[in-house]
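Participant: Use the sequences and the hints to build the structure in full.
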Amino acid sequence: MADDEDNAPVEVEKGTSDAEFEKQLADRTAAVTKARNTSNTVAALKASLENPPLGCKKEEIRKKSAELVVNVLTSVKAADIKKHVDGLDDSQLDLLMKYIYRGFETSPADGGNLLTWHAAVLEKAGNGSIVRAIADRKTV
Amino acid sequence: MAAAAAGQSSALKSYLSAIRATVNAALCLQNFGSMLVERHNKPEVESGFNKELLLTPVVISRNEKEKVLIETSINSVRISICIKQSDEVEELLVKKFVRFMTQRAESFVVLRRKAVPGYSISFLITNFHTESMYKHKLVDFVIQFMEDIDKEISAMKINLNARARISAVEFLTVFT
Chain A
8 MADDEDNAPV
18 EVEKGTSDAE
28 FEKQLADRTA
38 AVTKARNTSN
48 TVAALKASLE
58 NPPLGCKKEE
68 IRKKSAELVV
78 NVLTSVKAAD
88 IKKHVDGLDD
98 SQLDLLMKYI
108 YRGFETSPAD
118 GGNLLTWHAA
128 VLEKAGNGSI
138 VRAIADRKTV
Chain B
7 MAAAAAGQSS
17 ALKSYLSAIR
27 ATVNAALCLQ
37 NFGSMLVERH
47 NKPEVESGFN
57 KELLLTPVVI
67 SRNEKEKVLI
77 ETSINSVRIS
87 ICIKQSDEVE
97 ELLVKKFVRF
107 MTQRAESFVV
117 LRRKAVPGYS
127 ISFLITNFHT
137 ESMYKHKLVD
147 FVIQFMEDID
157 KEISAMKINL
167 NARARISAVE
177 FLTVFT
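So the sequence lines, in the order shown, correspond to chains A and B.
First residue of the first sequence: 8, per my numbering; consecutive thereafter.
First residue of the second sequence: 7, per my numbering; consecutive thereafter.
One or more hints might be untrue.
[Claimed, not checked] Which bits of chain B does chain A cover? Going by a derived footprint, with three or more residues having C-beta under 8 angstroms, they are: (1) 18 to 26; (2) 58 to 64; (3) 171 to 180.
Hints in this document: simulated from the structure, not taken from any laboratory.
Quick caveat: nothing in here was measured; it's all calculated off a predicted structure.
Where a beta carbon is used, it is the ideal one built from N, C-alpha and C, also for glycine.
Facilitator: Right under this line is the structure:
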């Protein structure tokens with residue numbers, strides 16, 4: 008009845024707890040390793056971009072997530088980067104841009120490789136992806 | 007060797023173009039009076055009291071030694087550069103060169119007197135600067151600065167070594 012609907016408790020969006028983040032990270036790592044073992048870097052990249060630890064308070068989980076993505080990025084040859092980028096949709100591209108910037112912070116040694124990825128993502132997604140990467144409250 | 011040089015310059019080019027794109031995106035500034043003190047107007051990236059006015063700081067690194075930190079806020083951007091210093095001579099040269107410039111920071115307008123800890127030199131660009139100067143020219147300036155400073159440091163180092171060699175030769179001919 009209409010009455011029941013009005014009095015129904017409002018569903019508050021539950022934030023993800025640390026344990027859930029850990030589990031998602033473990034799932035992601037497993038999926039990525041499986042894809043990499045079959046040399047399917049496109050699938051590995053998509054798997055590593057699933058369920059990002061946005062707003063997670065634990066620094067370790069975020070660092071491991073970033074490392075996972077950077078490992079996939081560095082394993083791709085320069086010539087194939089464009090093909091990988093073309094296969095991603097808009098939200099994945101934004102997320103990838105955030106991860107690239109995180110990668111610059113955590114592993115500066117991979118800078119050269121990350122710069123090529125940065126240029127490719129920029130070409131596909133435009134300046135907006137950079138603006139969203141720096142302006143979004145939910146950081147990776 | 008030409009290929010290696012070309013490879014190196016293309017790496018530098020991709021580094022600078024990434025920085026150019028990020029600074030371009032970050033330099034969207036507007037006037038914003040201080041929320042804490044009446045009638046005051048402070049660069050929010052410097053005062054940092056209000057977290058909601060600050061955006062995510064972003065690093066772009068080429069390798070361990072060279073990186074750029076870009077911190078944005080609603081009315082100001084702070085760009086800190088880590089200049090490549092491969093040995094002690096270059097460290098000294100960079101220190102003196104940077105000191106020369108930061109002492110004249112007022113006439114430089116966009117330079118910050120003290121670099122952010124961990125970096126060699128910092129720029130502070132506020133909305134007033136973007137209002138009175140072309141934004142694309144400001145970005146060009148920062149990029150040009152980064153290119154030129156590397157060239158100048160290496161030119162100074164070569165000069166230094168040449169002078170040292172000449173004076174050593176002169177000194178030691180006395181003993182031959």
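Participant: Determine for every hint whether it applies to the structure shown.
Facilitator: Going down the list of hints, with the structure as the test:
1. Beta-carbon proximity to chain A at under 8 angstroms applies to 4 residues in the region 18 to 26 of chain B; the threshold of 3 is reached and the given coverage holds.
2. Taking a C-beta to C-beta cut-off of 8 angstroms, the region 58 to 64 of chain B contributes 3 residues in contact with chain A, enough for the three needed, and the coverage statement holds.
3. Taking a C-beta to C-beta cut-off of 8 angstroms, the region 171 to 180 of chain B contributes 0 residues in contact with chain A, too few for the three needed, and the coverage statement is violated.
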